[in-house]
Structure formats: C-alpha cells, structure tokens
Amino acid sequence: MNPLTELTARLHRLRLRLTDPAHRPLPDITTQTGPTLRGWALRLALLVLTPLLLLTAAARTPDIPDGVTWTIAALSTGLLLARPTPTTAGGITVVAAVLLWGFTTEPLDPWALAVALLAYTLTRTTWWAAHVPFHGRAEISALLVGWRRDLVVLAATGLLGALAMLASGATVPGAVLLAALAIVGIAFLALATGGSPRDDGRG
Amino acid sequence: MTIGGTIVTRGRTSLDTPTDGHHGWRPTSAHTAAVVTGILLLTTSVIAGRADIALIGIPGLLAATWARTNRPTTPPPATLHEPPGTATPGELTATLHLPGTTTAADIVHVRVTATGHRDAHLALAAHPHGRHVPLRLSSVRTGPQETFTVDLRGSRHHTWEEEPTQVGGTPRLVLPASAPLGRLPLPHRLRGLTGPHSARRLGDGAELRDIHPFTPGDRLRRIDWRTTARRSPDLDTLYVRRTYATAEATAVLVVDSRDEVGPDIRTWRGYGTLRVDEPTSLDLARHAAASVAHALVEAGDRVGLEDLARRRRPLPPASGRRHLRRLVHGLALAHPKDRASVHRVRPPQLPADAIVYLFTTLLDDEPIHLVRTWRAAGHPVVVVDTLPDIHPVIENHLAIAWHIARLERENRIATLDREGIPVISWAGSERDHATVRFEALARAAQRHVPGRVP
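Same order as they appear, the protein sequences are chains F and H. Residues 1 to 203 in this note's numbering are what the first sequence lists, from first letter to last. Residues 204 to 657 in this note's numbering are what the second sequence lists, from first letter to last.
If we strip away everything but chain F, and leave its shape as in the complex, we get (with noise of 0.2 Å):
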C-alpha cells in the first residue's frame, strides 16, 4: 500500500476512535440538591492539608533537614490520596507530633494548637474523602453538619492548652491568649444558639 494512503487511513482510523460515540461517558442521573461539592475537591483539599499540617509540625523544630521534612510529606501525602482512611489520617497526625516533638525539652509549645487544629481540620477531610467518591458529590449543607461541636471541641483543646501553659509557668504571648479567648467565646454563642434544626451537637 502507497505510505501516503497507509498514514491516511491510519489517521482516518485514529480520528475515528477519537470520535467513536460508543465511547462517549453514560448519561447521569439528575438529582436536586443544594450546592455541592465534587469528590475530587475533598482530596484537593487533602493535598493541601497534609503538607500544611506536616509542614506546620517541623517548623519549630530546627534539627530536622529540610529534605527529610519534605520526603515525609510527600510520602504521607500520597500515601493519604492512595488510602483516605482514619487510620491513615490518625497515623499522619502522629507523624506531626513525632516532628512537633523535636526532642526538645520545651514543655509546652503554643504551635500546638494550629498543628492541633490542623489535624482535626485533616481527620474530618479524610473522613469525607472516604465517603465521597471522586466523582460523588457532598451537599455542602452536609459538610457544615457538626459545625457547632468542632467548634465545642477546638475551644475545650485551647482551654487545656491554655490550662497546661499556666500549669507548666510558660510565658503565654497576648495574642495566643487573646485567640484561645476568642475560640471560647465563639464556642460558647455555638452551643447558646445551637438551637437549630440541624444541631447535632447536643445528641
């Protein structure tokens, strides 16, 4: 067969498979909701997080490279993306304790409470990337459901941090107490106009 005539076909063949409509995705089944968010946004927001909460762990602790810092959160990102479980989220936010550690002797680092938060901010994201398929969708109503006893839990972690640090003699920077002020203030208006039909946090 003439070369020219060979490429033709070939070419033909390939647009051809290009456009088969056979192969074109299913229809999708119509549903109404309110505004979602896809699956592939929750493992974005994975990709983000992790690194952060890592990132945010090492960076009081002057001993660990930086390659050693950045090969750990590589690996727990992926590892993360490949498996969004619990126990994988609950393994990483050991990992970020291990690097807050330091093996320092400091008794008490108020960093703490952002790698804390972080980590929570972390667990729920995975719990929702386990449940939510890539191309699922999450109503964003459901996502906020809880948001009045993450709000609870995040002040009753700063109120111990705050307890520990004035235990432990530290010195307490005004805008760390000024922040743990504000988280228990807001906690408190949570549970006082948590009177909503969506409140999930009274049980």
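Worth flagging that the hints you see were computed from the coordinates, not collected in a lab. The structure displayed is predicted, hence computed values, not measured ones. Every residue, glycine too, gets a C-beta built ideally from N, C-alpha and C. Wrong hints could be hidden among the right ones.
Across the chosen pairs, the derived CB separations fall in these ranges [to be verified]:
hint, chain 1, residue 1, chain 2, residue 2, range
1, H, R229, F, I64, 34 to 44 Å
2, F, D28, H, Q649, 40 to 50 Å
3, H, A608, F, W40, 38 to 48 Å
Here chain H is said to cover these stretches of chain F; the calculated rule only asks that three of the stretch's residues, wherever they fall, bring their Cβ under 8 Å from a Cβ of chain H [unchecked claim]:
hint, segment
4, 3-17
5, 32-39
6, 72-83
7, 131-141
8, 145-155
Dock chain H against the given chain F, drawing on the hints supplied.
Chain H alone, transformed into the frame defined by chain F:
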C-alpha cells in the same frame, strides 16, 4: 440462643436483623482511629513530658467520646415515590423521601443507580423532619423500562454508620410520544356510511356532485328550487342537488418488532448494552407509529395495530381517543420475542380496503414478502424505515459486515421503489422531512382519484 421463639446468633436473627432497639448502627473505624491516636499521643506526651503533643490528639478524642455518648436511633425507612401511571420519554422521575428525626442520621450517603446511567453518589444533609430529593433519568427509550435503585446509608457525628438499606423503583411503561403530521395517504376506496372523507358514491354528504332532475327515490328536501326556477320556469321538471356520501378510511399499523437494533452495530450481536440516550429502531418505530395513529385518529379514521413479533390477537381497527390510547399502549408493549425472527408463513390478515403502514428496519427480506402479499391483495402500503443512523465503527470486520448489510438494505429499498412502494425514513434529520413526504404522498394519491375532495 432463642429469644421469643426466634433463633438469635450474635445479636442477630436468622433474617440478619439486629435484635436490639438500636439495630443497624455501629461505630466505625473513624472512632477507633481517633481513640487509638488520642491515647497514643497522650501516652507519648506523658513519657516525653510534653503537654503540646497531647493537645494534638485531644480534639479527635473529645469528638469521638462525644459521638460515642450520642447513640443514634433508627429512623423510618426511606421510600421512593414514583408518579402513578405511565410515563413519556425523558420524564422518568421519582422522588426519594428521606425521613429523619433529631436523633437519627445527620448525613445520608446515597447511591442512585439506573440501567444505562452513571451511578450518582451523594452525601446529603439529613433534615430532622425529613426531606425530598427529586430524581430524573436521561433516557429517551420507550416501552417497559427499569427505573431507580437507591442504596442508602446514614452516618452520625462522623462516627456512627448505619447498615446500608436499599429501595427500588418499579419498572415503568414509557409511552411513545407523537410528532405532529399533516395529511397522510389514505386507501383508494373508503368504506362505511359516514366519516370525515367524501366517497365517490352518492349519499348524504356535504360535497356537491351535480344538479340532477328529480327521480323517484329522491328526497323532497333535496330539491334545489333556485335551479328549478331558472331551468324550468313552468315547473315541468324538478331539480335536486346530489352530493357525495361520506366515508371513513381504515389503516393498519404493522410494527416489525422482531428485532431491536441501536446505532452502535457492536450491540447487534446481542452483546453489550444499548445506550439509553439514543433511540433504537423499535423506539423509532413506536414514535412513528404513534405519530401516524394520532394523525389518523384525529382525522376521524379507523386505525388498527399488528405486531409481527406476536401471534396474539391484534388491535382491530377502530376510531376515537380511547382507541388511540389503546394503540399507544400496544405500541409501547411491542418488543422482540424469542424465535420471533422466524419466517411468518402467513402475513397478518387485514381488513378490506385498508392502507398498511409498515414500520421496519428492512434488515431482511421478510418485509418485502409481506409488502408484495399485501399489494397483491389490493392494499396500498407505505413503508416507514426505522433504522437509526448508524455510528461509524473502527473494527474492520464490523465495518465490512455493515457495508454488506447496508448494500443489501439499499437494494431492498430500491426494489420497493421500483415496485411503487414509498419508503419514508424516520431516523435522524430525515424525520423532519417525513411530514413533507407524507403530504406529497397524500397529494399524489389524491390525483389518482378524481372527484374526491378532502
């Protein structure tokens, strides 16, 4: 163990239903992971003397403890509500009702599946007083159709999860829609004593035939006094106005439902699934037949239905809107049967002077034999080609097979054309021209019957 006459093993009955009041709920690995992580970090903080390490695990531990103390209750089961009766193409809908209570699930995970559609995975916020989720399919298919299957699983506080439950819709019958058509070809001879058309014999219609001298048998009220005064001032002869009788046409719709093929010839072998967003040959046949039936019945003619794949009694010709509903229902139920492609020795018997509308794909010679038999019996025949537009294929063997089948089909169409049988295509863009083709055929038939005025 036996409780109340029911055998219970590990807290579940033989029907796999839990025996306690909180059946269906269990804490998940999220709870275990949060507790283990929290305890591990607390232990580490004690060993290392670092309170900040404990802080990292405390939020998860607190949330898990909180959730554990709030054991959910089981809400009433979800239900799927479908509109009663039949459906039309593109209108396969249902409403999922998710009942809720303040102590039941706060998030409901839903997986909606339907034949020929992508699964829909949703995470929805549960309302304490229940909520409704409308669902709709994108199918353009007609006939009996499977609808939704919904798998549900509730979760509470990101810790408790309900055992999955399933609700399913019932198969529904999708009736074919009808496209507006103009005039349609009618049989050469009309029958009956009344109807919407003018016959060629004398009768009590409104169509004037001629002015004729009064003869015995003529009614007195037909005397045209004005003409009589003009032609016979002495009243020697009386003149009457003679009119044509009225009559009705009879048409039989013959649906060749021995096979159902889609635009993708890879599915013609019986493997693979026909897409629901593309009409098959039978969908086109149903649509075309429903359109023709609608136009004929609206004009007051009698229409019958024959299904080549069935040996049961056909729908005899009749008129009226109730009969039209019967026809559309019969069309929706037409589908290929086992051994239906076997040659029919005897073609369907038709009423005398009926016109035949045959809806077929012309993929074999059977329609040709039928058409010739009907033509020999004096029935005019109109063939409506219902083969959908075929997608090009990449596979060489399929391309060759389709090439041969297409040539044979074109040969059959040319044969019919030579024998004076009109073939009207109903697929794709050709459908827009079908109305014009029918109108042209009606006009051409009119020219061969002098004296008939529509």
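If any of the earlier hints don't hold here, list their numbers in rising order.
6
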